[in-house]
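Enquirer: The two chains are supplied separately, each in an independent frame; assemble them into the complex guided by the hints.
Protein chains in written order, with my numbering: chain A, 259 to 586; chain B, 2 to 112.
It should be emphasised that the hints constitute simulated quantities derived from the structure, not laboratory data. All values reported here derive from a predicted model rather than from experimental measurement. From the three backbone atoms N, C-alpha and C, an ideal C-beta is built for every residue, glycine too. Wrong hints could be hidden among the right ones.
Unchecked claim - Once the Cα atoms are required to be at most 20 Å apart in a straight line, the calculated EDC-like pairs of lysine to aspartate or glutamate come out as:
#1 A:K328 <-> A:E315
#2 B:K61 <-> A:D465
#3 B:K62 <-> A:D465
#4 B:K61 <-> A:D467
#5 A:K433 <-> B:E95
#6 B:K62 <-> A:D466
Unchecked claim - These stretches of chain A come out as covered by chain B in the derived footprint (C-beta under 8 Å, 3 or more residues):
#7 430-440
#8 460-469
Chain by chain, the residues:
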Amino acid sequence: MAAPTRLLLRRVIRLSHRCNNVPAAGVSARSRCCWGPSTCRCFSDVAGDRSTHFGFETVPETEKAERVYKVFKNVAQKYDTMNDVMSLGIHRLWKDMLLHVMHPQPGAQLLDVAGGTGDISFRFLEYVHSQQERQKRRMARSVQTPSSQDISNNYSTEHEDTPQESRAVVCDINKEMLNVGRKRADSMGISAGLSWVVGNAEELPFDDDQFDIYTIAFGIRNVTHIDQALQEALRVLKPGGRFMCLEFSKVTNPVLARMYDTYSFQMIPVLGEVIAGDWKSYQYLVESIRKFPEQEEFKHMIEDAGFYCVKYHNFTGGVVALHSGFKL
Amino acid sequence: MFGRVFGRLLTETVRGPSGVKHAPLAQRAASARGVSDLKDEAQPPFDTSLLHFLVCPLSKKPLRYEANTNELINDELGIAYSISNGIPNMIPQEARLLQKDGDTSAPPTHQ
Numbered sequence: 259m260a261a262p263t264r265l266l267l268r269r270v271i272r273l274s275h276r277c278n279n280v281p282a283a284g285v286s287a288r289s290r291c292c293w294g295p296s297t298c299r300c301f302s303d304v305a306g307d308r309s310t311h312f313g314f315e316t317v318p319e320t321e322k323a324e325r326v327y328k329v330f331k332n333v334a335q336k337y338d339t340m341n342d343v344m345s346l347g348i349h350r351l352w353k354d355m356l357l358h359v360m361h362p363q364p365g366a367q368l369l370d371v372a373g374g375t376g377d378i379s380f381r382f383l384e385y386v387h388s389q390q391e392r393q394k395r396r397m398a399r400s401v402q403t404p405s406s407q408d409i410s411n412n413y414s415t416e417h418e419d420t421p422q423e424s425r426a427v428v429c430d431i432n433k434e435m436l437n438v439g440r441k442r443a444d445s446m447g448i449s450a451g452l453s454w455v456v457g458n459a460e461e462l463p464f465d466d467d468q469f470d471i472y473t474i475a476f477g478i479r480n481v482t483h484i485d486q487a488l489q490e491a492l493r494v495l496k497p498g499g500r501f502m503c504l505e506f507s508k509v510t511n512p513v514l515a516r517m518y519d520t521y522s523f524q525m526i527p528v529l530g531e532v533i534a535g536d537w538k539s540y541q542y543l544v545e546s547i548r549k550f551p552e553q554e555e556f557k558h559m560i561e562d563a564g565f566y567c568v569k570y571h572n573f574t575g576g577v578v579a580l581h582s583g584f585k586l
Numbered sequence: 002m003f004g005r006v007f008g009r010l011l012t013e014t015v016r017g018p019s020g021v022k023h024a025p026l027a028q029r030a031a032s033a034r035g036v037s038d039l040k041d042e043a044q045p046p047f048d049t050s051l052l053h054f055l056v057c058p059l060s061k062k063p064l065r066y067e068a069n070t071n072e073l074i075n076d077e078l079g080i081a082y083s084i085s086n087g088i089p090n091m092i093p094q095e096a097r098l099l100q101k102d103g104d105t106s107a108p109p110t111h112q
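Chain B on its own, in the form it takes in the complex (with noise of 0.2 Å):
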């Protein structure tokens, strides 16, 4: 059984996952180049095609994304949601406020 363990380990390393990227999925690739045309620093860009199924945890609605601040809006509530490194952080307790004048207020105390 070890043998066969340890053949795996080895295969697995070696060969890794062959076949996964000639998945065709143009469509897909070409909407993430176009968000990173946007804002081409460090950060990896947002895939916008998360917005099908991402919705606000505390109210299950359809968030709108801000290229601007980087972030995903629940409007009704009035939160925003922080994307680092292209992937959104979708704590509730982590989310900013924001008021009603438009101005931000700091980000809620969370651990």
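Chain A on its own, in the form it takes in the complex (with noise of 0.2 Å):
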């Protein structure tokens, strides 16, 4: 019973020296503005090698996507309870925002990108299932003397004339995070309109202007070259299409960065090492968070991808933003 706790305390204590730099580092640089696009995407090109960073390391770019593989297969089983932990559920809000702000009607295709254990696809499902039900029951309600067969009748063709049944397809790298949506799908009982697909997001397996929305929750941080991901997300949306993507960001207000970043370098790998067991993957996550582009900057690399009407909305205070915008 010693012996873990003293691993414990002595890796806290060392997460902690290594965490009294960065912080500050991290608040005050982003105060004066220091991460152009070339120090976050690519490092210096040595002897033809591209490097990249993983969390703040900086390694190869061609080790990354594997690295990435292997904390997400590390943390599959326990990725849905760590989530409510870390975020102390406040995370089940930000994808209730996301469909409000979708707003997808009855008959629209979604992809569902980095989708892994499928809650954005879900939502979508349950949404489009629930604004149905809302157009039989104005359906029903606009004819003026309903008998029951008239409403009968309604209900009949309402069927008939749905033009598209809407889909909801999950395409992520990992196998594990979409065995485990899937286990989780099985389990509530959602079946029809759900598709799962292994995939990358910088080479998509689907034909051109196939879907109405692109949504990649959580998920374009840990893609290697952003802008492959972007310019494919613009390649597979019909035109009209629209791209969101929900995703960690720039904490505007300073006080709150303080804490927020005090909460994700002291706790949220601790709580990694106590629930998951893995301080390693989580202390990624944290990381992986502090190199992504902040709100303008990455609403500018989506302008450069060919979309229209960029915009961002920022969720508890900047600790989340949703950046939306159409291919036209």
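Expert: Written out as structure tokens, the structure reads:
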């Protein structure tokens, strides 16, 4: 009993030594806007090898995808529980807000990239089904003096008239996350309109102009070449389609930023060790958040990829930002 | 605010999504059941309706479903994407090369 506690204590002390420098540097760097796109994504070209960041570490680009894969393979089983614990359940509200802003209509086709355990897709299907119910009720009410025969006719023709069923495709690079998601779907009884595909956001296995909505929630910061992922998003969306990205971002308020940094670096890896038995993966998580471009910069990246009307909403003081753009 | 969060947590865990399974998707269910008759092993069936929008990530061309080996074949490039647990694996590095004479080679080394 004493040994694991000692190990944990040693790790905490080591981490706090490391982190005493980091959050201060992070906050002051943000205020001075030192994180240019070049430092964020690519380091120097050494003998032709390009390197990138993996959290605060520098790794060859070819290695990043594999290391990210290992992180999510390790955390897959405890992923949903950890999300609840780390965000105190608030991640559910962020995802609900995404759906609220999305406001999908029945018949919409969703591609949920880095969809992992399926949170966004489940919410999407629930949302469109409740929209469908609401439309049926509205139709039934609009008939002035309905007889029971009329009402039953309305209900039966409704099914035939539906031009296309809503569909959600969950695409993730990691099989384990999809397996967990699939088990969740089975236990929740959701199967209709839901598909699972293992795929790379930088090289999507879908044809052009296929989807009405493309979402990537808390996944794009793990992609090695974000600009390629944005290009692919533009390709697979129908004209008029919407790109929506939910991701951790820069906290605007300095007091909140300090509290958030302390919580991130002191609490989250400890929780990761206690609950999921994996300190390093959650260390990567909080570091990768710091390396991701801030709201305005990411907005420019999305515009550069060819999206129009790019906007962002901040949630929880900028802890999370929802970026949205249209393919026109 | 936290009262609302806890309330939602409780209702979500207790209720779960209610009306989702009542979608009128008899066609899709029937096609899935038809495929499952072919291979009744522990694996859930592959939903062939996915082929409508699934393409090879390299060439973006349509794929052919091979029921015997449970793979999606791109004949043009000579590669096969495996399907496990009903979920197709569309990562190019994990695809299998098909030799021209019909023999299969070992899968290309990937991370």
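Enquirer: Confirm or reject each hint.
Expert: Now for the hints, and whether the structure bears them out:
1. A hinted pair counts as satisfied when its Cα atoms are at most 20 Å apart, and K328 of chain A with E315 of chain A qualifies at roughly 16 Å.
2. Taken as a hint, the K61 of chain B and D465 of chain A pair is honoured in the structure, with Cα atoms around 6 Å apart against an allowance of 20 Å.
3. Annotation: proposed proximity of K62 of chain B to D465 of chain A holds, straight-line Cα distance about 8 Å (limit 20 Å).
4. A hinted pair counts as satisfied when its Cα atoms are at most 20 Å apart, and K61 of chain B with D467 of chain A qualifies at roughly 12 Å.
5. Pair hint K433 of chain A plus E95 of chain B holds up; C-alpha atoms about 12 Å apart against a cutoff of 20 Å.
6. As the CA atoms of K62 of chain B and D466 of chain A are separated by approximately 10 Å, the hinted pair is consistent with the 20 Å bound.
7. Given a C-beta distance limit of less than 8 Å, the hint that chain B covers the stretch 430-440 of chain A holds, as 5 residues qualify and 3 suffice.
8. Closer than 8 Å: that is the beta-carbon criterion, and the stretch 460-469 of chain A has 7 residues meeting it against chain B, so the requirement of 3 holds.
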